[in-house]
Amino acid sequence: MADAAKKLPRIEINEKFCKGCSICVDFCPTDVLEMKGPVVVVKDLDACTRCQLCDLRCPDFAIQVFD
Amino acid sequence: MADAAKKLPRIEINEKFCKGCSICVDFCPTDVLEMKGPVVVVKDLDACTRCQLCDLRCPDFAIQVFD
Amino acid sequence: MAKVKRFMQGNEACAEGALYAGCNFFAGYPITPSTEIAEILGYQLPKIGGKWIQMEDEIASIAATIGGSLGGCKALTATSGPGLSLKQEGLGYAAMAEIPCVIINVMRGGPSTGYPTGPSQSDMMTAKWGTHGDHPVIALTPSTVPEILTETVRAFNLAEKYRMPVFVFYDEIVGHMREPVEIPEPGDLEIVDRAKPTCKPEDYKPYDSNFEIAPLAAYGKDGYRFHVTGLNHGDDGFPTNDSKRIDQGCRSIMAKIENNLDDILKNETVDMDDAEIVLFAYGSTARSASFAQRKAREKGIKAGLFRPLTMWPFPEKAIREAAKKAKVFIVPEMNLGQMSLEVERCAPGIEVKGINRVDGEPINPAQILECIEKYK
Amino acid sequence: MAKVKRFMQGNEACAEGALYAGCNFFAGYPITPSTEIAEILGYQLPKIGGKWIQMEDEIASIAATIGGSLGGCKALTATSGPGLSLKQEGLGYAAMAEIPCVIINVMRGGPSTGYPTGPSQSDMMTAKWGTHGDHPVIALTPSTVPEILTETVRAFNLAEKYRMPVFVFYDEIVGHMREPVEIPEPGDLEIVDRAKPTCKPEDYKPYDSNFEIAPLAAYGKDGYRFHVTGLNHGDDGFPTNDSKRIDQGCRSIMAKIENNLDDILKNETVDMDDAEIVLFAYGSTARSASFAQRKAREKGIKAGLFRPLTMWPFPEKAIREAAKKAKVFIVPEMNLGQMSLEVERCAPGIEVKGINRVDGEPINPAQILECIEKYK
Amino acid sequence: MTAEAAKKQKLSVPFDYSKYLRGGKLPHIWCPGCGHGIILKALLRAIDKIGLTNDEICMVSGIGCSSRTPGYVDFNTMHTLHGRALSYATGIKMANPDLNLIVTTGDGDALAIGGNHFIHTCRRNIDMTILVYSNSIYGMTGGQFSPTTPEGSKTSTSPYGAMEPNFDCCELAKASGATFVARATSYHVAELERTIKAAIEHKGTSVVEILDQCPIYFGRQNKYKSASHMMEMIEKDGTVSVKQVDKLPPEKLEGKLLRGILHQVEGEEYCDKYAKIIEKAQD
Amino acid sequence: MTAEAAKKQKLSVPFDYSKYLRGGKLPHIWCPGCGHGIILKALLRAIDKIGLTNDEICMVSGIGCSSRTPGYVDFNTMHTLHGRALSYATGIKMANPDLNLIVTTGDGDALAIGGNHFIHTCRRNIDMTILVYSNSIYGMTGGQFSPTTPEGSKTSTSPYGAMEPNFDCCELAKASGATFVARATSYHVAELERTIKAAIEHKGTSVVEILDQCPIYFGRQNKYKSASHMMEMIEKDGTVSVKQVDKLPPEKLEGKLLRGILHQVEGEEYCDKYAKIIEKAQD
Amino acid sequence: MADRYELRFSGSGGQGMILAGIIMAEAASIYGDKNAVQSQSYGPESRGGASKAEVVISDDAIDYPKATAIDCMLAMTQEACTKYHDDIKDDGILLVDTELVHELPKGKFKIYEFPIIETAREELGKVIVANIISLGLMTALTKIVSEKAITDAVLSRVPKPFLELNEKALKIGFERAKELKEKK
Amino acid sequence: MADRYELRFSGSGGQGMILAGIIMAEAASIYGDKNAVQSQSYGPESRGGASKAEVVISDDAIDYPKATAIDCMLAMTQEACTKYHDDIKDDGILLVDTELVHELPKGKFKIYEFPIIETAREELGKVIVANIISLGLMTALTKIVSEKAITDAVLSRVPKPFLELNEKALKIGFERAKELKEKK
Ligand SMILES: Cc1ncc(C[n+]2csc(CCOP(=O)(O)OP(=O)(O)O)c2C)c(N)n1
Ligand SMILES: Cc1ncc(C[n+]2csc(CCOP(=O)(O)OP(=O)(O)O)c2C)c(N)n1
Ligand code: SF4
Ligand code: SF4
Ligand code: SF4
Ligand code: SF4
Ligand code: SF4
Ligand code: SF4
Ligand SMILES: [Mg+2]
Ligand SMILES: [Mg+2]
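Chains Y, X, W, Z, P, E, S and B, in that order, give the protein sequences. Counting from 1, one number per residue, gives the positions in the first sequence under the numbering used here. Counting from 1, one number per residue, gives the positions in the second sequence under the numbering used here. Counting from 1, one number per residue, gives the positions in the third sequence under the numbering used here. Counting from 1, one number per residue, gives the positions in the fourth sequence under the numbering used here. Counting from 1, one number per residue, gives the positions in the fifth sequence under the numbering used here. Counting from 1, one number per residue, gives the positions in the sixth sequence under the numbering used here. Counting from 1, one number per residue, gives the positions in the seventh sequence under the numbering used here. Counting from 1, one number per residue, gives the positions in the eighth sequence under the numbering used here.
If we strip away everything but chain Y, and leave its shape as in the complex, we get (with noise of 0.2 Å):
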């Protein structure tokens, strides 16, 4: 598939649960998220290879990856 067409991925954040722990920060295999002050951020969608690791392992129901 041709870099144009790609379709990103939509990652929804809940800063209201987020309480900043950096664990999807730090496993997501593609160094997608980071931390910015006490919530995540994406930092770089186009990375995101939609692997859900950092919902699976975030704690606190913050994070979610649509297709």
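Be a bit skeptical, because a hint or two may be false.
[Said to hold, decoys possible] Okay, derived cross-link-like pairs now, EDC-like style, lysine to aspartate or glutamate, Cα gap no bigger than 20 Å in a straight line: (1) S:K106 / S:E79; (2) Y:K16 / B:E79; (3) S:K178 / S:D91; (4) P:K19 / W:D203; (5) Z:K244 / S:D86.
Calculated directly from the structure, the hints in this document are not laboratory data.
With the hints as your guide, set chains X, W, Z, P, E, S and B with the ligands onto chain Y.
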């Protein structure tokens, strides 16, 4: 050793302690003992091998065998 | 048709009463002198499809009993002194979470392991104050074998009605003696079943403060899902830090009792109308007291007998009333003076004389009569 | 030279007091709000060669504590509400077998798990009646951080002297607040050590009824061998069925207390000489009461404060005395009315007004003052 | 795109936890980085895979951070006394054998104060799933050592380093009679979900010891930099899957805990047996 | 000839139990044929072989028929609460590590109500010898089933036959961390004595499960003709020595329990470890 | 009959004294038209040692369940006899087993001696029915329950194969009691 | 000084409010010549949420340890400010962190705003000393303890490598408080 010279063991039974469970009787390898009413008595001292099993298995400190 | 009459032991009558009341769950751990209750129910409950389990200890027993109750059963456990001490934390849980269950305590000599086969009445205050924190208590004190049956039935009724643990306390003498008992037929005695919620599942609140006593659903049986905790909780059963709700919760579990004393209290009185010497007695001791009271009246002494069948809540009003005419309360107990303290509190200014035995022997009528004569 | 002054927490002062008293054994299980005591002693005891162990639960903790005591140590355990309920059987054992030990209970909201971080005074009656059977109880109720230190020392002294478990009960507020404390130097406070037998080993009887309190040997330390049981026992410590000896045993463990009230009781009184309105208060609540009492006197109201430092045995005589002049007793408690029942019993005919809070908040001085003013 | 819409389009969608969660209870009380939340989520996914409805489940817990789990899920739930969850659960299960009992408990709750109920429940082989949130500490009370705290660790009650040997929770469960025994971690999330699923599906007593992290008390006192650091060191590097055991040289196994289903046998279930007693009695 | 005289003549003499017995306490309360007396006697002989003096021993028990043992022996003795003996013993041992702690307990006392203290004591590996008088019943309270009652047995609380699976006491001890685990019987008296001796000599927590008989409650309800009959069937025919295991065909092992020392490893003892903590703290 | 009639069955554990007491009480209250209360004392270990069962019979309600003044007591062992005879009334009855009770207590009450155990062993071949013989004896000596009532009570508790044996035992008791009485 | 002076330190768990309270109380009672009592409220889970520490200072003995009418309160978060400001006296003081508290409560008390956290971060490079800055501010605003006493109290609790940092933090507090006061 000739039979005549054979020194018999002495079996001491404490009638106050004996509760008549018959364990000593049942397990004596040479059938030396028997129950008489509620307590044990010696039936055949001659057969005693001094194995001490009656003492070892008596729960009540009620029988001992001396050389 | 004449009722079936059976000659039975106190503990047997207890099991019989439990079955009559609809008990279908028992969890316990053997201990003298209450074990027969477990043994009989272990034989009888499977016959009616009821659940019976011997747990690893008394703590597990009260826990399983409460669990069984939340599973929708009428649940019972039975024990004696040391077991009662061990159940204390669980009893507080049942009181706090408002879970119906019945606890039998057959009293033996204490403290500690004490005198396992000797009779005693020395757990009466433990019934009331055993677990930490303020909590409501109902404790019934039958004196005869037939009464053990009927009071066990009443204990289940009160437990289910008021959503709380209810005790039946009797001493080893009543527990192990035998008397003829007329077996009640279905319908003879009132049976109270737990109120069930009727609201929509999503509206259900297990501690709904719109009710005096909110209906209790059963786990997995009626389509209601709910949360139960031993922490202070709100109407919905979830923990709360709201000081108002905490206060309300703590008080409402007590108010259930205070507002329904007429329904809960039960006393038997003999010749109390003009009694100057009031015998306050319960359990097997009340039998001796009754004997002595009769003899005293025969001698023309104005003695009366006050016999509480509900010991907790304490029959405070009735005692205050009796105190108006009485010149002395005599309180025979197989302990060093427990209920006599309550009598003292509620009969201000009146002498309260305890007759106390803790030697493993019953208090006999002669002892009581002698005391009565001193006051005549 | 001025004494060292340290700013410390109530629970810290408790550990400090224990060490001062010579405590060299601790067994416990963590529970809020008492855990700091275990934590501090876990750090301090090894430094002085003392023994410290975290057991698997509270039941094991009280058992190990009693074991440690019989091994010759001055032994301590600390807990809060739910743990207190679990320790009940073991506490009865210590009372029955007459083994010295000290139990700290830092009170939190109950019943059950209740309100773990909220203050409360709702275990007071459990202190007295928690375990089954008649048993002696000494319970001390400090109100300040320095007092926690000194009362913990006194608890050890009483435990060793009277061969029994002694409680120190205080609420979460006093347990967790901090105040400056002057650290006593060796010799400043009296320290009582356990009386040791002096007889020949073969003559030794651990419950020798020739003594009011027989000396207690230690296992394996002094060449005395003896037997201990929680059953009713004779002078030699072996189980007995002799009803006379059973009676004597049950009564003598109580008599130790009754015959030594002067030594055991301790109260602080403020302006009681002419007090018509008597505040009966303990723990942190006594601090509020003290504040209110001062303000009341400023307003010319004849209010006095009676503050028991020994709550059990109950200061019955002093209350009866105070009742002669008082027109009302005001009893503020963070519970639904516990010690007020005892006051009521001992002040017959006098009004007893409870101020009760169970919402996790302290009783403040204004609340008490308001109540005083109603009676002035 | 909503999850609903995504589903319709047959795209892979994240799991919708909400059907199992009680409204308004989140965020939960667990500290930042606490592993307990990870376990809860895996459990919900496992339940979904099995297809259990909310009504069919009863979740019971004792006291501790881990024991707060039932408060968040929309099942029949009960938060009981410290250590006693299994006894309450036993009563519920006996009363109502159709319920799927899941007990969420901590290493302290299950193995310290609750040890007796743990071994007896395993012995009876009553059908329930016991999830032990094993973080090597008493989290709720502020970080005292537990029966699974590694020797040498600093905790608030082991200032000189913990000296007590540990339980092997899985060995204990097996020796006690549990018919399903497994170990998982909050790091290996997919495996965790599968293991919990297998545990619930097993008939009889199932025990899953789940290594997870308490960054606040265990982590800080033992110089772990973060929750992830703990997951990395303790859960990832500290364990080996049973599936790999045969393939690894001994030196790679040293000091490692095994992950996966460690023991599974058939054994008649307690309530089934009791049903037979009823039959016999009614004969 | 008195025992004294016999000794002088160097003839073999029966064992003189009296030096370890308290005067005037016999006959003991145990029923006719009860195995508990046999165990007590073997224990005294073992103590004698080791050469311990009366002062060096502290014997602790819980509640039960078995737990009445300490009342008969002239040591430092303590009869405590049902199930709690090991916790009392732990306190005594910590306070006075020089004492040899021997705990006599029943299957109910040790494994039912006392299960938690049992596994934790084993875990800590504190130096004491735990003798479990395992008669498959609660004797003292009149014959209810215990966690070691064989399935199908009649007891006063299993009128339809016991349905609960049993603990294997030895497996449980081992899984909990005990460093010495053995099984013996009151039938194999010489072996019993040797096993107890080895258990006492072992440093750390030693557990000996001793199969013995309660002819009154277990025996009568299960149609055993006598105490000897029980010893024959349960203890002799129901067990196999570990030493013979390799020599026997599998069919001869089926349903049999192993006798002998089943597990013995070295492990640092609890009080020794604690002594090191003291050193560290005082540094 | 006075307002209460008190019986005591004493012996050692295993002699069936408690069962005897229960049956006597059932005879009075279930198979007769009186009231009855039975109680017993457990030893501290509930095994071994002397044991006793007490039965109070009355036409009215019975409050105090324990013996106050014994009308009739059975002693099957010396220990029981010595320990428990104290509160037999002056005009009461003491029945003892001749084989095991040798030292008779002093008192104003009437003493009957009978080889109960021996009779059970020799005449019926079963020591175990000694307590039933004693029930027959006590019934006939006291007449506090009817022979029919005690027979009904005994038989209702006995498994079929043993009905005859027990009936025989009772009868022996009835008859020998009459002989005993006559002898006095 | 009235018979009691009451301070409250409030914020969220982890901001060191309880420690600040303790240090203030130590300054008064150990390094000064007054009496002081410190108490705190634990949340039900002792983690997360608003937390507060209270200090009562007096020349006399202090009985009631909790706040009755606050003389001076610090609020480091909005939640704490909203939840706890109620019982500040009319002539009392409220000090808030400008960064985290945006909605100021209404009341007759004096309000001082200061970017405490920002100052800690920007000027000292360590957010963790925000509470020490606040101690400096409170000391200078209230004068309830001397600058020397609070300095001694702070320094006695700080490990050597951090002495200077903390001293600096305190000084910043002292100075800026004076500026704040002048501004008013
Ligand atoms: C009877 C009793 N004892 C002690 C406590 C205090 N307490 C509450 S939770 C807990 C330990 C929890 O540890 P764990 O089970 O490992 O759960 P975690 O918090 O680590 O998830 C303790 C000791 C209590 N609530 N009740
Ligand atoms: C807390 C408590 N629960 C129950 C009892 C009653 N009880 C005494 S001994 C016993 C069982 C004893 O069985 P076991 O330990 O196997 O000893 P055995 O008598 O068989 O030798 C029980 C249940 C008790 N004394 N204390
Ligand atoms: S889905 Fe995977 S790749 Fe994408 S952000 Fe999450 S962890 Fe990273
Ligand atoms: S794992 Fe969850 S809580 Fe942690 S930083 Fe990421 S989104 Fe926030
Ligand atoms: S010593 Fe041996 S042979 Fe002799 S009687 Fe005893 S058991 Fe029999
Ligand atoms: S074994 Fe002992 S008690 Fe049993 S019959 Fe023989 S001597 Fe008597
Ligand atoms: S204290 Fe530990 S276990 Fe508890 S919630 Fe926080 S991180 Fe989790
Ligand atoms: S009841 Fe059983 S265990 Fe107890 S003494 Fe008798 S035979 Fe032994
Ligand atoms: Mg944990
Ligand atoms: Mg047993």
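Status of each hint after checking the structure:
1. S:K106 / S:E79: Since the Cα atoms of K106 of chain S and E79 of chain S sit roughly 15 Å apart, the hinted pair holds (cutoff 20 Å).
2. Y:K16 / B:E79: Distance ~15 Å between K16 of chain Y and E79 of chain B Cα, so the pair holds.
3. S:K178 / S:D91: holds (18 Å)
4. P:K19 / W:D203: Holds. K19 of chain P to D203 of chain W sits at ~17 Å (cutoff 20 Å).
5. Z:K244 / S:D86: holds (17 Å)
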